[in-house]
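Protein chains in written order, with this note's numbering: chain V, 1 to 137; chain C, 1001 to 1176.
Just so you know, the hints here were simulated from the structure itself, not pulled from any lab data. Be aware that a few hints might be false.
Mimicking DSS-like on lysine-lysine, the simulated pairs with C-alpha atoms at most 27 Å apart in a straight line are [what the hints assert, rightly or not]:
{"id": "1", "chain 1": "V", "residue 1": "K51", "chain 2": "C", "residue 2": "K1100"}
{"id": "2", "chain 1": "V", "residue 1": "K71", "chain 2": "C", "residue 2": "K1039"}
{"id": "3", "chain 1": "C", "residue 1": "K1039", "chain 2": "V", "residue 2": "K51"}
These are the residues of each chain, in order.
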Amino acid sequence: MNPTPEQLERLQQLSTELRCLVCQNQSIAESNAGLAVDLRQQALEQIQAGKSDAAIRSYMVERYGEFILYKPAYSGTNAVLWGGPFLLLVLVAVVIVRGWRRRQREQSQTEVSGTAAAADLLRQAQLEERYQREREK
Amino acid sequence: MRRSFLLVLPIAVLIALAVLLARGLQSDPRKLDSVLIGKPAPHIVLPTLDGRQFDSEKLVGQVWLLNVFASWCSACVIEHPQLVQLAEQARLPMVGLAYKDKTPDTAAWLKEHGNPYAQVALDSDGRTGINYGVYGVPETFVIDAQGIVRVRHAGPIDATFFAQQVAPLLAKAATP
């Protein structure tokens, strides 16, 4: 039975997601290693037998482990892999915002104390003036 | 206190990262954990070199060794003396899986290097190999009396293999 163009299309797509275990930096779509050819053949047969992509992927994982998937599955142990970068982003954002807020707070505090000092000076000047006037009387 | 913590933090992160990456460099990316460990060994039914049929179910009840080899495999020559020696001690049944090999080539190779196997199953299209997650030859599996895969070794076995990986399993199987 010759594969239909749609089946070949699916095989092509699926093969790019599977790592060739003999030549680890190639997918089984790119590689011509014996095992890659065999695994492509397996995948094609299963496509022709009407299996879903997910079923074929899990067939591969059952035999070769998750390492065969270029795109790791969403699972407990892989949560760090998927979530890590975002967590890092949030962490950095928090640190930056906190630093920025603190600087603002420090700045407004110096402004407040500056106003207080000015008020003191003014009050002192007023008191002195009153004292002078009292004496002149 | 806070300041000094903030000063040390980047250095600590850097060191942690360096250790992580150094470990990554030292680990062998070809050594993959087999997902089969602790799982039932895939059932094998294959013709044998002597024209009979190998059925892995007949071995249930004893610890046995499955060695994946091929006449085209150069590393197999390296480990082969270990297997021959193991066979002489006759500690457990040893089955050879001739992986993607031509039958006359397998026969000639075993004649030349010695045949340590009780049976040689012919996996000429490599399908049984795929079921066992074989990605390189030689590979060695040890299956326990319950038919569970206990050991998987990718690459040639060395002199320590039997004592370290197989003997403990045999000892465990011997004590009821």
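Evaluation of the provided hints:
no.: 1; hint: V/K51 with C/K1100; result: holds, 26 Å
no.: 2; hint: V/K71 with C/K1039; result: holds, 25 Å
no.: 3; hint: C/K1039 with V/K51; result: holds, 24 Å
The structure agrees with every numbered hint stated previously.
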